[in-house]
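Dock chain B against chain A, hints included.
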Amino acid sequence: MKNNLILEVRNLNVELGGEKILEDLSFDLGNKEILVILGPNGAGKSVLLRTLLGLHSFTGQIQWQENVHIAYVPESFDVSPGLPLSVKEFFQFKKTDSQKIIKSLQCVGIMGFSKFLEKRLGTLSSGQLRRALIAWALVDKPDVILLDEPMVGIDIHGRETIYDSLVKFWQKKNQTIILVSHEIGEVCKKANKVLALNKRKLFYGKPKEIITPQNLAKIYGSTISV
Amino acid sequence: MEVQFLYSLITGFFIGGVAGYLGSLMITKRMALVGDALGHAALPGIALALIHEFNVSWGAFPALALGIFLIWLFEIKTKLPMEALTGIVFTASVAIAFLFLPEEKVSTALIGDISQVGFWDTFISIILCIITWLILRRIFSKIILANLSENLAKVEHVEVEKYNFIYLSCIAIVVALGIKVTGSLLMGALVITPAAAARNFSRNLYQYSYGALLIGSLSSVIGIIAFNFFVFPAGPLIILSAFLIFLISLGFKSK
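Chains A and B supply the protein sequences, listed in that same order.
Numbering-wise (the numbering used here), the first sequence opens with residue 87 and increments by one.
Numbering-wise (the numbering used here), the second sequence opens with residue 248 and increments by one.
For reference, chain A alone in the conformation it holds in the complex:
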């Protein structure tokens, strides 16, 4: 593995329940880079993230830098409103202190910490829950964060605030980010690389080169303007 690379993927194939989900995928990611993964529904984006995390079996090669600390924000995360688990206790699963929790909540635009931390996790709105989940991923300062559609359930204004504060945070902390998203606009501007996927690699490169109306039509199967 080359220096400065945090992740190297070569000829990755994933099969689930007899169906090929990912075929012959190769890409790499440098330290402190932001990679956005685009693709239509069912393209295998979430499966790719989970495979990178070691949650699915695969053939080919996935090589992470040694001793890399990875955090994950899954696409779906449901908590029963009846579960008496406070936000603070959820954060304490990571054996972290209050200062760190408050800092990471600030990054996702949550104020009024003391009240928020006492709330039950299951009673948060879907937007608040997503923010809490992103903050949870950030709290123990991972080297790499994998986020799967992190902004689902968050309004447009909220998305901008969160992305802005996250990007600042990432730049300051030198974190590497892999982000699965349907949003082509704001997100991609902040990325170093874009991987467009539909089981196989469609496009891979800098956002400016990839995000063109012609390419987007190929990725999503219809004309999309940015």
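Don't take every hint at face value.
What the hints assert, rightly or not - Straight-line distance between alpha carbons at most 25 Å, and here's what the computed BS3-like set of lysine-lysine pairs gives:
1) B/Lys401 x A/Lys186
2) A/Lys106 x B/Lys401
3) A/Lys258 x A/Lys186
4) A/Lys106 x B/Lys326
5) A/Lys180 x B/Lys409
6) A/Lys205 x B/Lys409
7) B/Lys401 x A/Lys174
8) B/Lys326 x A/Lys174
Claimed, not checked - Facing chain B, a subset of chain A residues (Cβ under 10 Å, in silico):
9) Leu102
10) Gly103
11) Ile156
Claimed, not checked - Derived coverage of chain B by chain A (criterion: at least 3 residues anywhere in the stretch with Cβ under 8 Å from a Cβ of chain A; other residues may be distant):
12) 398 to 404
13) 442 to 450
Hint data in this document are derived by calculation from the structure and do not stem from the laboratory.
Note that the structure is predicted; figures quoted are calculated from it, not measured.
Virtual Cβ for every residue (Gly too), placed ideally from N, Cα, C.
For chain B alone, kept in the frame of chain A given last:
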């Protein structure tokens, strides 16, 4: 105060507490009825213990281990849902037990008899309860996280299969211990009812798990004290005490 009564009280206090604490995890994992089913699966072992007059918990534990092993094995072989296989194994266990369980011992097997515990029974129960509680306390947050999202837990390096195995072993130990207090028929309630009541009282996980532990201990103590005054057996009195606390908790249910 009679020494025998004191032994019963102490044994009930510890077993009730750890059963309540475990129950808070079992309700969260939607495994509330597993305690009930396993209580029944232990019956052949209880029957053997009653016939040969040794501690029912020592009889129950191997029967439980065998029951869990069979459920696990059938699941691999058939891929049928776990609850269906649990149903098959526990009813078969009850049927086997009734082939040789003497009639005069039926009541003890089904609703327990804590009035006969001796010094060593009490001592060993206390040690096992403390060890099991310490293990459960250690795995508690990991089990809850894995229950919220198995993928998230795995990314956080929680060895989910290992912790589930430890958790199942703790259930087997607590059920084996609890059978002595409330018998095979009522064991499920000793796990579920205190935790369900605590859930109504609590706002967070700490209050929930320790509330369940306290209510479990308290129900056992109230039940055993009531048993000393009335002619009714202790097992049902303990469960009714827990049920009474559950009814009171309904008034406190946090919105």
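Okay, the hints, checked on the actual structure:
1. B/Lys401 x A/Lys186: holds (22 Å)
2. A/Lys106 x B/Lys401: holds (24 Å)
3. A/Lys258 x A/Lys186: The hint holds at about 15 Å.
4. A/Lys106 x B/Lys326: holds (24 Å)
5. A/Lys180 x B/Lys409: holds (19 Å)
6. A/Lys205 x B/Lys409: violated (31 Å)
7. B/Lys401 x A/Lys174: holds (21 Å)
8. B/Lys326 x A/Lys174: violated (39 Å)
9. Leu102: Violated. Min distance 14 Å.
10. Gly103: violated (14 Å)
11. Ile156: holds (7 Å)
12. 398 to 404: This one holds; 5 residues, not fewer than the three required, reach chain A with a Cβ under 8 Å.
13. 442 to 450: holds (count 3)
Against the hints set out earlier in the document, violations occur for numbers 6, 8, 9, 10.
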